[in-house]
Structure formats: C-alpha cells, structure tokens
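K.L.:
Residue numbers (the numbering used here), protein chains in the order written: chain A, 1 to 329; chain B, 1 to 329.
Hints may contain errors.
Claimed, not checked - To spell it out: a stretch of chain B is covered by chain A in this simulated footprint if at least three of its residues, at any positions, have a beta carbon under 8 Å from a beta carbon of chain A; those stretches are: (1) 33-44; (2) 47-55; (3) 59-73; (4) 91-101; (5) 130-141; (6) 301-308.
Stated by the list, open to error - Derived DEER-like restraints, expressed as beta-carbon distance ranges: (7) A:E191 with B:R18: 30 to 38 Å; (8) A:A17 with B:Q23: 35 to 43 Å; (9) B:G149 with A:Q285: 42 to 50 Å; (10) B:R284 with A:D47: 37 to 45 Å; (11) B:L106 with A:S295: 53 to 61 Å; (12) A:G189 with B:S30: 53 to 61 Å.
The hints are simulated quantities; they were obtained by calculation from the structure and are not laboratory data. On a predicted model such as this, the values are computed, not experimentally measured, just so you know. Ideal placement from N, C-alpha and C gives every residue a C-beta, glycine not left out.
There are 2 protein chains.
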Amino acid sequence: MATGVMGEFELIKRYFARPEIAQIQGQYTSSILGIGDDCALFDIPPDMQLAQSLDTLVEGVHFPGECDPFALGYRALAVSLSDLAAMGAEPHSFTLGLTLPRVSELWLKEFSEGLAQLAQRFKIPLIGGDTTKGPLTLSLQVQGLVPKGQALLRSGARPGDLICITGTLGDAAGALPSVLSGETPETCGDESLKYLLHRYWYPSPRLFAGQWLRQAGATSALDISDGLLGDLGHILEASNVGAEIEPDLVPRSAALDRYHDQDTALTLALTGGDDYELCFTIPRQLAQTLPAKLSDGCRITCIGQINDESGIVRDPQGNLLSKKAYTHF
Amino acid sequence: MATGVMGEFELIKRYFARPEIAQIQGQYTSSILGIGDDCALFDIPPDMQLAQSLDTLVEGVHFPGECDPFALGYRALAVSLSDLAAMGAEPHSFTLGLTLPRVSELWLKEFSEGLAQLAQRFKIPLIGGDTTKGPLTLSLQVQGLVPKGQALLRSGARPGDLICITGTLGDAAGALPSVLSGETPETCGDESLKYLLHRYWYPSPRLFAGQWLRQAGATSALDISDGLLGDLGHILEASNVGAEIEPDLVPRSAALDRYHDQDTALTLALTGGDDYELCFTIPRQLAQTLPAKLSDGCRITCIGQINDESGIVRDPQGNLLSKKAYTHF
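I would like the entire structure built from these sequences, with the hints used as guidance.
P.N.:
Listed below in structure tokens is the structure:
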C-alpha cells in the first residue's frame, strides 16, 4: 500500500482503518490480512472464483460538488456492489483510492459512516487503499466470490429466454434534475420526489437477487447503470441475440408515475440510468419457478423475450427501440 | 465494470482492451475472464494467496503536468509492482481506473505503450478498469500470488537480523528538481543527470529479488517509496524493534556522487524517496547465502542490523538518525 504524501493523510488512513470498516467479519474474512503492509493478502476457497469490479467516481461528473458525504460514501459502495450482484457473487472485500482536495474531519467522518453502513450490511471489509491530495475522486474496487464456472455472464442469453428486471426502473433518472440542483431526500418536501431522490442516493445493490438467480438457472445478467435499452444491448451483443420487450411491462414505481407524466415516466424507465437494478434472462421453462417477489422483498418482472435478431430491441409491434429516447405512440 | 460516461471513452476502453495489454499470457492467466463483463473473474491455486496493492497518482501531486505519457504509464505500473515485490509475490494481473480531462489519441497511445512495455516484461495482464472524464488521475491495483503463509511482511524483523538494501538509493530524489522542471532522460545532455532521471521515470520493480528473498529466508521487507529512514521505520514499528545502520554503507550510484556533493548525496540516499528498491532483514546466520548480486544483476548491500530499541534508528556512534534530513559530521 502506498504511503500518503502528507502527514494529515496518515490521519485519514487511520480513519479508514477503524474496525467498523476495516474489520467487518464476513463469511470469508478470516484469511484476510488487511490494511497495514505493502499489500493486502488473502486466499480463497479452492472451489470459488474471485469477481472484481473497479469504478471511478469524479466530483462534477458522477456526483454533484458539495454533496452529502454520507450519501456519497453509501452510493459509491452500492454502485460497485451492484457489479458483484450482476455476477451472482457474494461480497468478499473492497479497496478504496480516495483523492481529496483538503482534509475536513467532518467530511471524512460522514463519508466513512456512509461507507461503513453499507459495508456492515453486506459484511464486506475495506482491506486496503490509498489516500492522496487532489481533485475529489473515488476509485473503489469490490471483490466477491462465486462458485467456479457459475458466475452470471452477459454472454449466456439464448433465443426463447425470458427477459426480466428486479425492482423498478427510471426512479433515479427521474430525480436527476433535483439531484443536480442539490436537493436531498432529507430536505425534500414532496413525498414522490423524496422517494426518487432516495433511489438515486441510496440504491439497493441486488446481491441477494443475483445469488438467487445464479442458483435458479438464469442464463445472463447485468446491472442497469446506463439505462435498460443501452444495457440490455450489452447482453444482446455478448450473447449474439436480439430482444423483444413490451415497454408498458417495464416496472415503474408509483412515485415515478406521480411525479412525471406518463410519457416521461415510460422514457425514464426505458432509458434512465442509475437505478442499479438487475436485468437478467432465464429459460422459459423455468418461468414458473420465478416468484413475483424474492424473500428480501425484491420484485421480479418479466418484460419480454430473447430472439435471434442479433443486437436489435423491438416492441411487440415490431418498432425498433432506441436507447437514446423512447416515444410512446 | 462501469461504463464510461462518454462515447469517446468507449474508444479508450477498446484501446486498453488490446491484446498487447489485456491478453498477456502469464503463469496464472489461463483461468482469467478479463475485460468485458460486469466483473473480471479468476481463481487462484489452492496453495497460494492473493496479494493486492492500490496506488493513486494525481497530476501535479505525484507527477508533473504535461509529462511524457509513455514514462507515466511505465512508472505508474512500476510503482505498483514494487509493492508486490516487497511481499515476494509473483505478478498475476492489474486493474486501472483512469480519469482524463480530454481524449488525445496520441496521449493514449503512448501511455498505453508505456504500460504495455512493463506489463509484458513481467507478464501481468490488465483485466479490468474504468475510464472517466475529470482531472488526470490514475488508480492502479496490482495483484500477485504468493505461497500461503510465506509472504514477506513488515512485522518479521528480529534483533540481530541484518538490514539490507537492493540496488542504490537517492537516485530518483537526486533527479527530482529536474523532473519538476520538465527535464527527461531523452532530452538531458548531462550523463549523470540522465541516469538519475531514468531512475526516477523508469524504476525497476524488484520482483525477482523479492521472490528470491522470500525463498532465501528474509524475515521482513518493504519497498522504499518515501526514503530509507522513514520506510525502515515502518518495519521497526511493525516488528517492535530498532535499528543501527551505517550511513556510509547505504549504496549510492556513481552518478549520484558525481552529480551531487557528498553530503547531499548521503542525505538523498538516506531520506530520498521514489527509488522503489527493497529494504529487507535476514537472519545473520543466512548472511553467507546472500550474493553481492542476484542473477538478474540486482545488487544486495548490508547496511546495518536490527536491535531491540523499539522504533529507533541510530548510527554506530549512537547518533539518532531522523527521516527528515541527515547531517554528516
């Protein structure tokens, strides 16, 4: 692990080395040597694979300047955990590269508490990182474990498979203008917008759903960070298949439908990012094993099916659906 | 893996997904699923542990603005590999979080070529990452494998152990003022300074030495990034021991002694960072097994010994040595 350039950054490192973040006990943490040497060290069970994902978040690009540090810490880890969920992996550990323009103890306290709250919920300890001076940037790498050969890939969708979605889509995108103007769930008076803002800042990484789907026989999965139509396109490309989806079946929250008109809500659900729900495919013959809700309360909705029209998404009337926008006729 | 925010960043990702970087074949790469899904995936042999280190480098803090992108790519990976060397690990794979203010194809080409040159030399493929828009920042996580329970830690030094150094110290620090004024090894006319600049920009991660030392029975090791006296302090703290070192034995290059006066050269060797040589301890009875040079040409020099004076570094006359500066009497 690198040593910070400034004495005060030593303080920060000690902040993140607190037991509440760095010594969270999970199923696989007993073998981990975490923060404090040149490297973190661990082994993994011989029948498992390690799944890793790195996300970089930059102030002014991925989150607004002067945002709530608790929410930022929470959301940064949630966004990364979502990639583990999409592979059907169990959380193992994470590392954090944090670049900060200045040291504010209040900021650090709140940021690390947001991080710790989610880390504790999913039992994933911070095992290493680097803290430097510079423009506010987070690089977060999460890692999880998945039984060998059983990870949910993007490349396994087959014609005839059903296309399904966890939760509801469009909520975070429906809050985006308010996020950018600095509104937060804590200060917002409108109940619908409060819900949408909460969905933006506190996404639920679908780890339970991902593990359930892996065991249930899903053929492909990914998390929806950039919008359903665009992200579904990654499955189609990797699997060399096409899709027919019914736009009106794409699950929307009551709050989204209350806060936006119907056409806007539909477009947001099809093209809006930042919800971090899963899109997955599952063989049609397994459809009856899919509950409407998983035991953690996560909704599952089928919205269409895979066909052999490589890379193309159509609605049942045969209209091409573009990831840029959707017009409801 | 996150999706970039701009179309042109898709281009960049394809740049880093080139076979010359992303499909380098190493001893352990056959099991790796790299760039292209939500996560990278791999397993590790059951008798091995994974060693991980994350370093963040920020323009204007860790490297000068407008620097040579080839050298930057090379140096960034070298600095991270040095942490693997310090644990005695073999290179496995790395991930890159790259934040760029703008997309310049020439910059990307040269940066990725610098990265690729070192990655190929040490057979370490890029298996994932994220590219975003923002102030130039690199977050590089390297990972390596080490036989279970055999990693070289900072905590194993014992009173009586010899303290040794690979290579020479002070070179990179001796070039620093010239680095900051934009001089490069390619443009520099003075042969001594050219050598020092080369040491700054193209450090040699001591991977062979680290693995050799692990097998030879070294009791502790770390890489010298912040200066010998400060970094040795980390071993002393982790091992709860003290040290006596002979400043004049600290190995210096002929170029450093030519380019700087003797007192400056001595201070640079004791306190200057950025050389990425290893400092290690080894039981005295193994001293005769230590060659003056390893088979890859890396010099080994003994400079002192561990004692039981917790956390203190003295010279043989009993003078305390401070990591801030050294005055030669």
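K.L.:
Would you mind marking each hint as holding or not holding in the structure?
P.N.:
Taking the hints in turn, this is what the structure says about them:
1. Residue count for the region 33-44 of chain B with a Cβ under 8 Å from a Cβ of chain A: 10. That meets the three needed, and the coverage hint holds.
2. Residue count for the region 47-55 of chain B with a Cβ under 8 Å from a Cβ of chain A: 8. That meets the three needed, and the coverage hint holds.
3. Check result for the region 59-73 of chain B against chain A: holds, 4 residues qualifying (beta carbon to beta carbon below 8 Å, three or more required).
4. Counting residues of the region 91-101 of chain B whose CB lies closer than 8 Å to any CB of chain A gives 5, which reaches the minimum of 3, so the coverage claim holds.
5. Coverage of the region 130-141 of chain B by chain A holds in this model, with 9 residues showing a Cβ closer than 8 Å to a Cβ of that chain against a need of three.
6. Coverage of the region 301-308 of chain B by chain A is violated in this model, with 0 residues showing a Cβ closer than 8 Å to a Cβ of that chain against a need of three.
7. Checked against the hint of 30 to 38 Å, the pair A:E191 and B:R18 fails, with Cβ atoms roughly 50 Å apart.
8. For A:A17 and B:Q23, the hinted distance range of 35 to 43 Å is satisfied, since their beta carbons lie about 36 Å from each other.
9. At about 48 Å, the CB distance of B:G149 to A:Q285 agrees with the hint of 42 to 50 Å.
10. With their beta carbons about 44 Å apart, B:R284 and A:D47 fall inside the hinted range of 37 to 45 Å.
11. Separated by about 54 Å at the C-beta atoms, B:L106 and A:S295 satisfy the suggested range of 53 to 61 Å.
12. Taking 53 to 61 Å as the suggested C-beta distance range, the pair A:G189 and B:S30 conforms, at roughly 58 Å.
When held up to the earlier numbered hints, the structure conflicts with 6 and 7 and fits the remainder.
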